[in-house]
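Chemist: In order, the protein sequence lines correspond to chains A and B. Okay, so the first sequence: first residue is 1 according to the UniProt record's numbering, each after it adds one. Okay, so the second sequence: first residue is 1 according to the UniProt record's numbering, each after it adds one.
One or more of the hints may lead you astray.
Under the rule of at most 27 Å between Cα atoms (straight-line distance), these lysine-lysine pairs were calculated in the DSSO-like manner [stated by the list, open to error]:
| hint | chain 1 | residue 1 | chain 2 | residue 2 |
| --- | --- | --- | --- | --- |
| 1 | B | Lys68 | A | Lys425 |
| 2 | B | Lys93 | A | Lys283 |
| 3 | A | Lys455 | B | Lys10 |
| 4 | B | Lys93 | B | Lys36 |
| 5 | B | Lys191 | A | Lys255 |
| 6 | B | Lys191 | A | Lys455 |
| 7 | A | Lys308 | A | Lys278 |
| 8 | B | Lys93 | A | Lys278 |
| 9 | B | Lys220 | A | Lys425 |
| 10 | A | Lys423 | B | Lys93 |
| 11 | B | Lys10 | A | Lys212 |
| 12 | A | Lys412 | B | Lys70 |
| 13 | B | Lys36 | A | Lys423 |
| 14 | B | Lys93 | A | Lys435 |
| 15 | A | Lys255 | B | Lys134 |
| 16 | A | Lys455 | B | Lys74 |
| 17 | A | Lys412 | B | Lys36 |
| 18 | B | Lys134 | A | Lys455 |
| 19 | B | Lys10 | A | Lys412 |
| 20 | B | Lys70 | A | Lys255 |
| 21 | B | Lys220 | A | Lys255 |
| 22 | B | Lys220 | A | Lys455 |
Hints listed in this document are in silico derivations from the structure and should not be mistaken for laboratory results.
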Amino acid sequence: MSTFADIQYDQVDLEQCHAMQLEEWEVLESIYPDCCISSDFSTRYIKLEIPVDLGDSRSVAVTNNKNLSALFPTELAQEISNSIELYDQLSSLPPVLLHISLPAAYPVYAPPEIISLQVTHSWILQVNELQAKLLEMWQSGEGILYNWVEWIRSAEFLPSMNVTEDDFSTLHIPHPAPQLLLPLLKAHDTASKSVQFSQNAYTCSVCLSSYKGARCLQLSCSHIFCRGCLEDFWGLCITEGDIGRVGCPDPACVKNNREADEEEVMRVVSESDLKRWKWLRQKRALEQDPTMIHCPMQFCQTPVPKPKATGDEDSGWARLRTCQACDYSFCAFCRRTWHGPLSECPISFTEVFIIKYMALPENSQGRQDIERRYGASNVRKLIAKYEEEQSNKKWLESSTMGCPGCHVHVEKSLGCNHMTCAKCKQHFCYRCGDKLLASNPYLHFSTPGQPCFSKLFDFTSVDDEWQPVEGFDAL
Amino acid sequence: MDARLRRVNKEITDCKNDKSSNIKIDLIDESPFHLKGSFPGPQDTPYEGGHFEVDIVIPESYPFQPVKMKFITKVYHPNVSSASGAICLDILKDAWSPVLTLKSTLISLQSLLCSPEPNDPQDAEVAKHFTTSKRSFEETARYWTQIYAGGPGGIAKSGKSPEAVRDDVAIAGLEKAHVDQFEAIGFERGKVIDVLRRLNYRGANVANISEDRVVEELLK
Numbered sequence: 001m002s003t004f005a006d007i008q009y010d011q012v013d014l015e016q017c018h019a020m021q022l023e024e025w026e027v028l029e030s031i032y033p034d035c036c037i038s039s040d041f042s043t044r045y046i047k048l049e050i051p052v053d054l055g056d057s058r059s060v061a062v063t064n065n066k067n068l069s070a071l072f073p074t075e076l077a078q079e080i081s082n083s084i085e086l087y088d089q090l091s092s093l094p095p096v097l098l099h100i101s102l103p104a105a106y107p108v109y110a111p112p113e114i115i116s117l118q119v120t121h122s123w124i125l126q127v128n129e130l131q132a133k134l135l136e137m138w139q140s141g142e143g144i145l146y147n148w149v150e151w152i153r154s155a156e157f158l159p160s161m162n163v164t165e166d167d168f169s170t171l172h173i174p175h176p177a178p179q180l181l182l183p184l185l186k187a188h189d190t191a192s193k194s195v196q197f198s199q200n201a202y203t204c205s206v207c208l209s210s211y212k213g214a215r216c217l218q219l220s221c222s223h224i225f226c227r228g229c230l231e232d233f234w235g236l237c238i239t240e241g242d243i244g245r246v247g248c249p250d251p252a253c254v255k256n257n258r259e260a261d262e263e264e265v266m267r268v269v270s271e272s273d274l275k276r277w278k279w280l281r282q283k284r285a286l287e288q289d290p291t292m293i294h295c296p297m298q299f300c301q302t303p304v305p306k307p308k309a310t311g312d313e314d315s316g317w318a319r320l321r322t323c324q325a326c327d328y329s330f331c332a333f334c335r336r337t338w339h340g341p342l343s344e345c346p347i348s349f350t351e352v353f354i355i356k357y358m359a360l361p362e363n364s365q366g367r368q369d370i371e372r373r374y375g376a377s378n379v380r381k382l383i384a385k386y387e388e389e390q391s392n393k394k395w396l397e398s399s400t401m402g403c404p405g406c407h408v409h410v411e412k413s414l415g416c417n418h419m420t421c422a423k424c425k426q427h428f429c430y431r432c433g434d435k436l437l438a439s440n441p442y443l444h445f446s447t448p449g450q451p452c453f454s455k456l457f458d459f460t461s462v463d464d465e466w467q468p469v470e471g472f473d474a475l
Numbered sequence: 001m002d003a004r005l006r007r008v009n010k011e012i013t014d015c016k017n018d019k020s021s022n023i024k025i026d027l028i029d030e031s032p033f034h035l036k037g038s039f040p041g042p043q044d045t046p047y048e049g050g051h052f053e054v055d056i057v058i059p060e061s062y063p064f065q066p067v068k069m070k071f072i073t074k075v076y077h078p079n080v081s082s083a084s085g086a087i088c089l090d091i092l093k094d095a096w097s098p099v100l101t102l103k104s105t106l107i108s109l110q111s112l113l114c115s116p117e118p119n120d121p122q123d124a125e126v127a128k129h130f131t132t133s134k135r136s137f138e139e140t141a142r143y144w145t146q147i148y149a150g151g152p153g154g155i156a157k158s159g160k161s162p163e164a165v166r167d168d169v170a171i172a173g174l175e176k177a178h179v180d181q182f183e184a185i186g187f188e189r190g191k192v193i194d195v196l197r198r199l200n201y202r203g204a205n206v207a208n209i210s211e212d213r214v215v216e217e218l219l220k
């Protein structure tokens, strides 16, 4: 008790100081909740962790330049043989940790007492200087904590720590071992960005709802969407086999055909969709090759590339393909089991007798003979298969048009007759199946005398005719 | 409530609250997935003063698949089918993005009216008219705006039956003198209009098409 008497503070002053301390802490906590780690006002002990915010991402260089070596401890300075300077883009630097004890007479008569000052990863070496500078800032009667936090947080203190900014606004941090420090700075920056991202709220421009960052994903093009929408969108594209659309949904990225990379897809879609996406991507790459044939085995269907040149293209061996996945060897022409290089492709025996069977009248002797020979249920199964193939073929002929480039069949649901094949990018006319010039595809429809002249829109369906609004109810 | 319905409801509300864009979206019936959009024709274009309506059908997998839009109001424009109102705008097809909304798409349609793309035509005849004589094209587009979109000087609102006052020659973007000339030879007026329109018998192009060629077409 006598010490108090010695320095002659009276009780009223100390109570006032205490109230000021509490108020200062309250204000500080409300402005910088992430900097205020803990406080214990029974012992007046405070912990602050102050991150250094560089604002937008900026260029940072860590350098052990000789000119700066005077700043380093002598034993380190001697070890530096050649100067290194390493760069990266950072938006924050590791925090300064301050442990402070507030004297009873702070802030009116005494400055705070700094018990310890540390800089994470020691990217600032002159901690003593920093401590001295901080204490210099105190003026009797004023709370200083806010100024300290602001000075460090805003990166304003960097010049006094010999961190300089050059004409290209790159920050130069002097450090004896740039190759060790820079990865640490980078790792810290990435971690703090991800913490910040998960705490912020973002509006997903697909579902127009706002979500916490933890439920969102930032793609490498920096656009942010909620995970739910990305999963729905990519999942749908993957289900439909349209992997060219698995990418950023932003209109600019869509125009640039920016596809998502494997990591992004992995973070968004389900296990099975990811598997299918990988498979589709591999398939697409393989199908760029027109000599590719899918394995005729129903369960397999792996793309089988043409083997490397075997020499004579006319030799029967050129027809041989062997599936890498199931080892099935088959003929590239008829897709049946390999029948050697010499014998012609066999005509399907089953197709022959099914056609014969169909031509015979119902319940005729001929039909009964065939049924007895091959088994009635077998015949029924084969007929069902044959009819399905026929109706498929008929539908392909009547309601679709084959792309003249890659023979994929497309069915048009709406729009004009100028088609662009989604698979091989060939321009063609949906009416007649002719190839169109990519440079001027409409010439085909605007040249008088051509069969498709002024037939860019020739709708056969009545629904597409111009009708009053009531008429659209049919849609 | 499914995501599609939630988003469409948000879009409709957002459009109602936005007074500055002049874009309107209305329900046609009970369904929120079949709508009618409308916007005024852009200023300083032949479409100025007109009111353009667009039929909107929202597909099952919206917004991941593009919305289906076509003009209800007849429009004379190189990128809109003059027969069906079909629009072949890139964002309605492969350049569609789930970020685009009904409002932003309607705004794109509105700006399409400002800047026709005759090199990427959806109506080849209209596009040819546009490239042959821009002035004559604009006259026809203005006339269509008057009679179909309620544009200024229009007759759509006058008491007379529109059919009675509509000028088929002006609708086709032709000159009365040219039509009269071939009608006088003894061809039916409707057929003359049809053939001259197809041949783009307009402006400087008239000199390139011989009368024999026209008669040949008329006789087909």
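Chemist: Against each hint, give a clear statement of whether it holds in the structure.
Modeler: Hint check:
1. B/Lys68 / A/Lys425: Since the Cα atoms of B/Lys68 and A/Lys425 sit roughly 23 Å apart, the hinted pair holds (cutoff 27 Å).
2. B/Lys93 / A/Lys283: Since the Cα atoms of B/Lys93 and A/Lys283 sit roughly 24 Å apart, the hinted pair holds (cutoff 27 Å).
3. A/Lys455 / B/Lys10: Given pair A/Lys455, B/Lys10 is violated - Cα atoms ~40 Å apart, limit 27 Å.
4. B/Lys93 / B/Lys36: Since the Cα atoms of B/Lys93 and B/Lys36 sit roughly 19 Å apart, the hinted pair holds (cutoff 27 Å).
5. B/Lys191 / A/Lys255: Since the Cα atoms of B/Lys191 and A/Lys255 sit roughly 44 Å apart, the hinted pair is violated (cutoff 27 Å).
6. B/Lys191 / A/Lys455: 18 Å, holds
7. A/Lys308 / A/Lys278: 25 Å, holds
8. B/Lys93 / A/Lys278: Between B/Lys93 and A/Lys278 the Cα gap is close to 25 Å, so the pair holds against 27 Å.
9. B/Lys220 / A/Lys425: 38 Å, violated
10. A/Lys423 / B/Lys93: Within the cut-off at roughly 15 Å; holds.
11. B/Lys10 / A/Lys212: 20 Å, holds
12. A/Lys412 / B/Lys70: 16 Å, holds
13. B/Lys36 / A/Lys423: Status violated; Cα separation ~34 Å.
14. B/Lys93 / A/Lys435: 20 Å, holds
15. A/Lys255 / B/Lys134: Distance ~30 Å between A/Lys255 and B/Lys134 Cα, so the pair is violated.
16. A/Lys455 / B/Lys74: Status holds; Cα separation ~19 Å.
17. A/Lys412 / B/Lys36: 24 Å, holds
18. B/Lys134 / A/Lys455: 23 Å, holds
19. B/Lys10 / A/Lys412: 31 Å, violated
20. B/Lys70 / A/Lys255: OK: B/Lys70 and A/Lys255 at ~22 Å, within 27 Å.
21. B/Lys220 / A/Lys255: Between B/Lys220 and A/Lys255 the Cα gap is close to 45 Å, so the pair fails against 27 Å, i.e. violated.
22. B/Lys220 / A/Lys455: 17 Å, holds
Violated hints, in rising order: 3, 5, 9, 13, 15, 19, 21; the structure is consistent with all others.
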